[in-house]
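Novice: Chain residues, written in single-letter form:
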Amino acid sequence: AAGVIQSPRHLIKEKRETATLKCYPIPRHDTVYWYQQGPGQDPQFLISFYEKMQSDKGSIPDRFSAQQFSDYHSELNMSSLELGDSALYFCASSLKRGAHEKLFFGSGTQLSVL
Amino acid sequence: DQQVKQNSPSLSVQEGRISILNCDYTNSMFDYFLWYKKYPAEGPTFLISISSIKDKNEDGRFTVFLNKSAKHLSLHIVPSQPGDSAVYFCAASDRGGSEKLVFGKGTKLTVNP
Chain A
1 AAGVIQSPRH LIKEKRETAT LKCYPIPRHD TVYWYQQGPG QDPQFLISFY EKMQSDKGSI
61 PDRFSAQQFS DYHSELNMSS LELGDSALYF CASSLKRGAH EKLFFGSGTQ LSVL
Chain B
1001 DQQVKQNSPS LSVQEGRISI LNCDYTNSMF DYFLWYKKYP AEGPTFLISI SSIKDKNEDG
1061 RFTVFLNKSA KHLSLHIVPS QPGDSAVYFC AASDRGGSEK LVFGKGTKLT VNP
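Which chain is which? The protein sequence lines are A and B, in order.
Each residue of the first sequence is one higher than the one before, counting from 1 in the numbering used here.
Each residue of the second sequence is one higher than the one before, counting from 1001 in the numbering used here.
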C-alpha cells in the first residue's frame, strides 16, 4: 500500500541557506502534519494543514513557512538555516482531521546544517 | 516544559517476558493518549490508544493502562518478542483544543532472544 513519501531523505545545507522539504500524503488523505525531532528530543509539532488551509500551528519559527497544494502534497520551506535546525523532519497524513490513531508518518527528512 | 515524559530512555527484557513502558504527563487537558512504535529509518507507526474515559485498552499482546489521578500511563507487552525491539513514543492530545500530538522523548526497547 502507498505510504507517506518524504523527499529528500537526507539534506545537507550550510548556515544561512534555504531548504525545501516535500511531503506526499497517502492518496485521499487531506490532512498533513509536520513534526521536527531534534537529536535526543521528542518530536515537536510544527504546523498542520487540512484541505489546503493551515489548520493548526505549533512551535514553527518565523523563518519557516509551509503550504499544502491542490494535489494535497505539502512543502516546508526553511530559510536562513541555523545549526539548531538540524533535525529529523517528519510529515504525517490522515484521512480524518484529528484522528491520531489513523495518522501515518513518513520516514522523515534528515536535515543537517553545517 | 516537557508535558509528556518518558523517564526511561531504554529498557531491555528477555524474550517471552513482560515489557512495561511508562509515561507521565502534566497537562490535565489531555484526553487522548497514544503509543507509537518506531523502527530505525522509518516513521512512527500507531500501536494503541486510550481515551481518558477508560483506564485500560487491550489489543493482542499490547495493553495500555491509564491512571488519570496520577497522570500516568503504561504500555504492557506480553509476551515480548525480538521483533518488538524499537523506540516507543508516548503521545497525548487535547482533542477539544488542538490537533497536535505532544510526544515524549521515547523509550528504546530491546528484547533479547
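Derived from the structure by calculation, the hints contain no laboratory data.
Any given hint might turn out to be false.
[What the hints assert, rightly or not] Calculated cross-link-like contacts (lysine to aspartate or glutamate; reagent style DMTMM-like; alpha-carbon spacing at most 20 Å):
hint	chain 1	residue 1	chain 2	residue 2
1	A	K102	B	D1031
2	A	K102	B	D1024
3	B	K1056	A	E101
4	B	K1054	A	E51
5	B	K1108	B	E1015
6	A	K102	B	E1058
Keep in mind that this is a model prediction, so the values were computed, not measured.
Novice: With reference to the structure, classify each hint as holding or not holding.
Specialist: For each hint, the structure was consulted:
1. Distance restraint check for K102 (chain A) and D1031 (chain B): the Cα-Cα separation of roughly 17 Å lies within the 20 Å cut-off, and the hinted pair is therefore satisfied.
2. Straight-line distance between C-alpha atoms of K102 (chain A) and D1024 (chain B) comes to about 23 Å, which puts the hinted pair past the 20 Å bound.
3. Between K1056 (chain B) and E101 (chain A) the CA atoms are separated by roughly 16 Å; this keeps the pair inside 20 Å, and the hint holds.
4. Between K1054 (chain B) and E51 (chain A), the direct Cα distance comes to roughly 32 Å. Violation of the 20 Å bound is thereby established for this hinted pair.
5. At roughly 15 Å between alpha-carbon atoms, K1108 (chain B) and E1015 (chain B) fall within 20 Å of each other, so this suggested pair holds.
6. Proximity of K102 (chain A) to E1058 (chain B) is assessed by CA-CA distance (about 17 Å); at most 20 Å being required, the pair is judged to hold.
In this structure, the hints that do not hold are numbers 2, 4, in rising order.
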